[in-house]
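There are 2 protein chains.
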Amino acid sequence: MPEFSQSARRMRTSEIRDLMKHAANPALVSFAGGMPNNELFPTDDIDEVYASLPIELKRQGFQYGPTAGFPPLLDELGTYLRAKGLPVDSNKLIVTTGSLQAINVTAKVFVDPDDVVLTEYPTFIGAAAAFQSYQANAVGTPMDADGVVPEELERAYREHPNAKFLYLTPYFHNPAGVLYSAERKAFVKEFVAKNDILLLEDDPYGELYFHDEDVPLTVPLKADPEIEGKIAYVGSFSKILGPGMRLGWALVPPDIYPKYELAKQSLDACSSTFTQVLASEFLRQGKLPGYLARLREVYHRRMRAMLDAMNETMPEEASWVEPRGGFYVWIELPERVDALDVLKTSIENGAVFVVGKAFDPKGERNNCLRLAYSHTPEDRLADGVRIVADAIKRAL
Amino acid sequence: MPEFSQSARRMRTSEIRDLMKHAANPALVSFAGGMPNNELFPTDDIDEVYASLPIELKRQGFQYGPTAGFPPLLDELGTYLRAKGLPVDSNKLIVTTGSLQAINVTAKVFVDPDDVVLTEYPTFIGAAAAFQSYQANAVGTPMDADGVVPEELERAYREHPNAKFLYLTPYFHNPAGVLYSAERKAFVKEFVAKNDILLLEDDPYGELYFHDEDVPLTVPLKADPEIEGKIAYVGSFSKILGPGMRLGWALVPPDIYPKYELAKQSLDACSSTFTQVLASEFLRQGKLPGYLARLREVYHRRMRAMLDAMNETMPEEASWVEPRGGFYVWIELPERVDALDVLKTSIENGAVFVVGKAFDPKGERNNCLRLAYSHTPEDRLADGVRIVADAIKRAL
Numbered sequence: 001m002p003e004f005s006q007s008a009r010r011m012r013t014s015e016i017r018d019l020m021k022h023a024a025n026p027a028l029v030s031f032a033g034g035m036p037n038n039e040l041f042p043t044d045d046i047d048e049v050y051a052s053l054p055i056e057l058k059r060q061g062f063q064y065g066p067t068a069g070f071p072p073l074l075d076e077l078g079t080y081l082r083a084k085g086l087p088v089d090s091n092k093l094i095v096t097t098g099s100l101q102a103i104n105v106t107a108k109v110f111v112d113p114d115d116v117v118l119t120e121y122p123t124f125i126g127a128a129a130a131f132q133s134y135q136a137n138a139v140g141t142p143m144d145a146d147g148v149v150p151e152e153l154e155r156a157y158r159e160h161p162n163a164k165f166l167y168l169t170p171y172f173h174n175p176a177g178v179l180y181s182a183e184r185k186a187f188v189k190e191f192v193a194k195n196d197i198l199l200l201e202d203d204p205y206g207e208l209y210f211h212d213e214d215v216p217l218t219v220p221l222k223a224d225p226e227i228e229g230k231i232a233y234v235g236s237f238s239k240i241l242g243p244g245m246r247l248g249w250a251l252v253p254p255d256i257y258p259k260y261e262l263a264k265q266s267l268d269a270c271s272s273t274f275t276q277v278l279a280s281e282f283l284r285q286g287k288l289p290g291y292l293a294r295l296r297e298v299y300h301r302r303m304r305a306m307l308d309a310m311n312e313t314m315p316e317e318a319s320w321v322e323p324r325g326g327f328y329v330w331i332e333l334p335e336r337v338d339a340l341d342v343l344k345t346s347i348e349n350g351a352v353f354v355v356g357k358a359f360d361p362k363g364e365r366n367n368c369l370r371l372a373y374s375h376t377p378e379d380r381l382a383d384g385v386r387i388v389a390d391a392i393k394r395a396l
Numbered sequence: 001m002p003e004f005s006q007s008a009r010r011m012r013t014s015e016i017r018d019l020m021k022h023a024a025n026p027a028l029v030s031f032a033g034g035m036p037n038n039e040l041f042p043t044d045d046i047d048e049v050y051a052s053l054p055i056e057l058k059r060q061g062f063q064y065g066p067t068a069g070f071p072p073l074l075d076e077l078g079t080y081l082r083a084k085g086l087p088v089d090s091n092k093l094i095v096t097t098g099s100l101q102a103i104n105v106t107a108k109v110f111v112d113p114d115d116v117v118l119t120e121y122p123t124f125i126g127a128a129a130a131f132q133s134y135q136a137n138a139v140g141t142p143m144d145a146d147g148v149v150p151e152e153l154e155r156a157y158r159e160h161p162n163a164k165f166l167y168l169t170p171y172f173h174n175p176a177g178v179l180y181s182a183e184r185k186a187f188v189k190e191f192v193a194k195n196d197i198l199l200l201e202d203d204p205y206g207e208l209y210f211h212d213e214d215v216p217l218t219v220p221l222k223a224d225p226e227i228e229g230k231i232a233y234v235g236s237f238s239k240i241l242g243p244g245m246r247l248g249w250a251l252v253p254p255d256i257y258p259k260y261e262l263a264k265q266s267l268d269a270c271s272s273t274f275t276q277v278l279a280s281e282f283l284r285q286g287k288l289p290g291y292l293a294r295l296r297e298v299y300h301r302r303m304r305a306m307l308d309a310m311n312e313t314m315p316e317e318a319s320w321v322e323p324r325g326g327f328y329v330w331i332e333l334p335e336r337v338d339a340l341d342v343l344k345t346s347i348e349n350g351a352v353f354v355v356g357k358a359f360d361p362k363g364e365r366n367n368c369l370r371l372a373y374s375h376t377p378e379d380r381l382a383d384g385v386r387i388v389a390d391a392i393k394r395a396l
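Chains as they are written, first to last, in our numbering: chain A, 1 to 396; chain B, 1 to 396.
So here's chain A without its partners, still in its complex pose (with noise of 0.2 Å):
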């Protein structure tokens, strides 16, 4: 057999995946899932909606598309993400296998190996293996309850000042689970206008919010005139109407979008037509607003669970922020702490949830853990969070 390439010797099965098939056993409660709950899939809309295509559009769907997306599916999106103040007209828009791919993509377009680019820490676990995937040097910049610490970014930055592109996920953070304040959102927009390096900004959850009055802070930055030019904006079906449906989008600027379109071409072509008839006139047929509103409230109702039962039993050692949105809460212990001690003791007592180091660029950080509410069924949510508290205790 032929050797393998660079990549694929670099390419490692994470120590923690074991560990993680845990999260499809039944009789534990999961916090693990970055994923909606099975029953809360509109099932009924897709019914109601495949039902209804013409049978034109139902041969659309078995058929190629073109690489750029299904034309109808371009035009829905184009309105949605218009509404949002996102320059549309002026960017080029592209639909992708998930927002992972657009991501992907991103990291294709622009990295060597050894490259550095610059991310939160912690960061999504899948653009980090993304990024490593084409060799790059994902470096962690460190968040605080508003985003990404100012002056830790601009210390990362000047150590990396040839870093290929920022990343960031400003509205309700995977796996942090903060919105990023004005302020925050301010201090990225003049780093982005002042220095040669791109923002991808990634927003699957911008949605999600729990409180009106955060509308305003979920604007994208992308939105915004002064530094649009330099955003590769990235989101997601998969929050709003389900991850199996694998469509994202990138909106970007049309100087780099040749090459995100010849790269996604060499990586499958395009993305299901089938799923983008059915997205397309999920918007189309206006049922996207209702379906949001009702997420918004359950997410909101399980977050509420889940934090009054760990304010009731986490220790005092144990700190999070409030989620004001999303999917998730970032629990930090004393440094002194592994989550993997807590990982395992909770697994024995009938829990499970992902442990900080996945979320750490470089795979050493691990006194936190992420606890996912939007999977787990909210009869369980209590007891669930009692086993964790009582393996933190333990741990401490």
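Since the hints were derived computationally from the structure, they do not count as laboratory data. Fair warning: this is a prediction, and the values are worked out from it, not measured in the lab. Careful, some of the hints might be misleading.
[Unchecked claim] Below, simulated DSS-like cross-link-like pairs (lysine-lysine); rule was C-alpha separation at most 30 Å, straight line: (1) B:Lys194 <-> A:Lys58; (2) B:Lys58 <-> A:Lys58; (3) B:Lys287 <-> B:Lys344; (4) B:Lys230 <-> B:Lys92; (5) B:Lys92 <-> B:Lys21; (6) A:Lys189 <-> A:Lys58; (7) B:Lys92 <-> B:Lys189; (8) A:Lys58 <-> A:Lys21; (9) B:Lys21 <-> A:Lys58; (10) B:Lys21 <-> A:Lys92; (11) B:Lys230 <-> B:Lys58; (12) B:Lys58 <-> A:Lys287; (13) A:Lys21 <-> B:Lys92; (14) A:Lys189 <-> A:Lys344; (15) B:Lys21 <-> B:Lys393; (16) B:Lys58 <-> B:Lys362; (17) A:Lys362 <-> A:Lys21; (18) B:Lys287 <-> A:Lys21.
We have chain A already, so just place chain B on it with the hints.
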């Protein structure tokens, strides 16, 4: 804006792409598309499948699935591939976003910049683009009516003894339309057995044979126990259900499988669970054999109509091999002819096809043309062929 990566800088939009936009013009007879006609898709079968889905299965379709594939689909595919003689139990199966992703992943796992990959000439345009996206040096080895020419392949391998793999499409080749003969398959077997090279065996068209007596020739090389450990076998639902499902697969030796799974995970996490549920039930409910029988009949009839028209109208300088299955006829012209001239005249007069250089990994040789009969309405085949034949006569 930061600099593009090496790989992105080498990505080029093909000069023939603009001409190919004509392929979608309904006023032209199109022999360009390597896809089924929209009217051939099994929409009724999939309507029945969709209507039969229990709610739990439907919900799973909205959810993330394992990177390796939706388990019931892996089971159904395993049964299907085992029946073709493939070593499903000693190898590992992975579902991919079209077989193009399986080909792309093979390149990602083995290719470093400037590594050589041996292909046929002509070869599948999508595979060549995927190889080039990893900066491979794809070397196209000439074919004749029986497959790749032994002396040519031996010579290419002597020149490039470190070639990472050999990419072949032995069953109803795209674009050459060729089915490998028994002798040629024996040669490939010996070549693979004696050399330190991986065979990437691409089999999207093998089911679409026109003559039952050819079935033994369509048995994959991967079914041979003496060499199966050196073969990555890839296939697709695109031609036997619909490309819009974006589902393919790879069956690979267990020693290379972990890298395939990690590479796929970083690309798009998993393929669409929604279309995997449909494909899985399409197989489980026994709908494939009847659909295949219908496809074989339709494509055979179209090929016959096309060849009859060609025999009547083509000048004697044009030569071709009569297809015994699949979608394509490959027409070879004297070397002095530039197929681009033929294409331009042809488009002016109302027919479009793909020029030969699209299938040359180096983009040079251009005295050939590919006519697909898979997508062309039967009542327009003869007219279209006459237009192409006239354009060839003018170019001569």
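A quick look at each hint next to the structure:
With a C-alpha separation of about 49 Å, the suggested pairing of lysine 194 of chain B with lysine 58 of chain A is violated against the 30 Å cut-off. Distance check on the hinted pair: lysine 58 of chain B and lysine 58 of chain A sit about 18 Å apart at the alpha-carbon level, within 30 Å; holds. Pair hint lysine 287 of chain B plus lysine 344 of chain B does not hold up; C-alpha atoms about 42 Å apart against a cutoff of 30 Å. A hinted pair counts as satisfied when its Cα atoms are at most 30 Å apart, and lysine 230 of chain B with lysine 92 of chain B qualifies at roughly 13 Å.
In summary, the hint linking lysine 92 of chain B to lysine 21 of chain B is not supported, as the alpha carbons are separated by about 39 Å, beyond the 30 Å threshold. The suggested pairing of lysine 189 of chain A with lysine 58 of chain A is violated, with an alpha-carbon distance near 43 Å, which exceeds 30 Å. A threshold of 30 Å between alpha carbons decides the hint, and for lysine 92 of chain B with lysine 189 of chain B the separation of about 21 Å falls inside it, so the pair holds. Restraint check for lysine 58 of chain A and lysine 21 of chain A: not satisfied, since their Cα atoms lie roughly 37 Å apart, outside the 30 Å limit.
Between lysine 21 of chain B and lysine 58 of chain A the alpha-carbon distance is near 23 Å, which keeps this suggested pair within the 30 Å criterion. Using a Cα cut-off of 30 Å, the hinted pair lysine 21 of chain B and lysine 92 of chain A holds, with the two alpha carbons roughly 19 Å apart. Pair hint lysine 230 of chain B plus lysine 58 of chain B does not hold up; C-alpha atoms about 38 Å apart against a cutoff of 30 Å. Using a Cα cut-off of 30 Å, the hinted pair lysine 58 of chain B and lysine 287 of chain A holds, with the two alpha carbons roughly 18 Å apart.
Proposed proximity of lysine 21 of chain A and lysine 92 of chain B is supported: the alpha carbons are some 19 Å apart, at most 30 Å. A threshold of 30 Å between alpha carbons decides the hint, and for lysine 189 of chain A with lysine 344 of chain A the separation of about 42 Å lies outside it, so the pair is violated. In summary, the hint linking lysine 21 of chain B to lysine 393 of chain B is supported, as the alpha carbons are separated by about 24 Å, within the 30 Å threshold. About 46 Å separates the Cα atoms of lysine 58 of chain B and lysine 362 of chain B, which puts this hinted pair outside 30 Å; it is violated.
The hinted pair formed by lysine 362 of chain A and lysine 21 of chain A meets the criterion: a straight-line CA distance of about 22 Å does not exceed 30 Å. For the proposed pair lysine 287 of chain B and lysine 21 of chain A, the alpha carbon gap of about 34 Å is over 30 Å, so the pair is violated.
Hints 1, 3, 5, 6, 8, 11, 14, 16, 18 from the earlier list are contradicted by this structure; the remaining hints agree with it.
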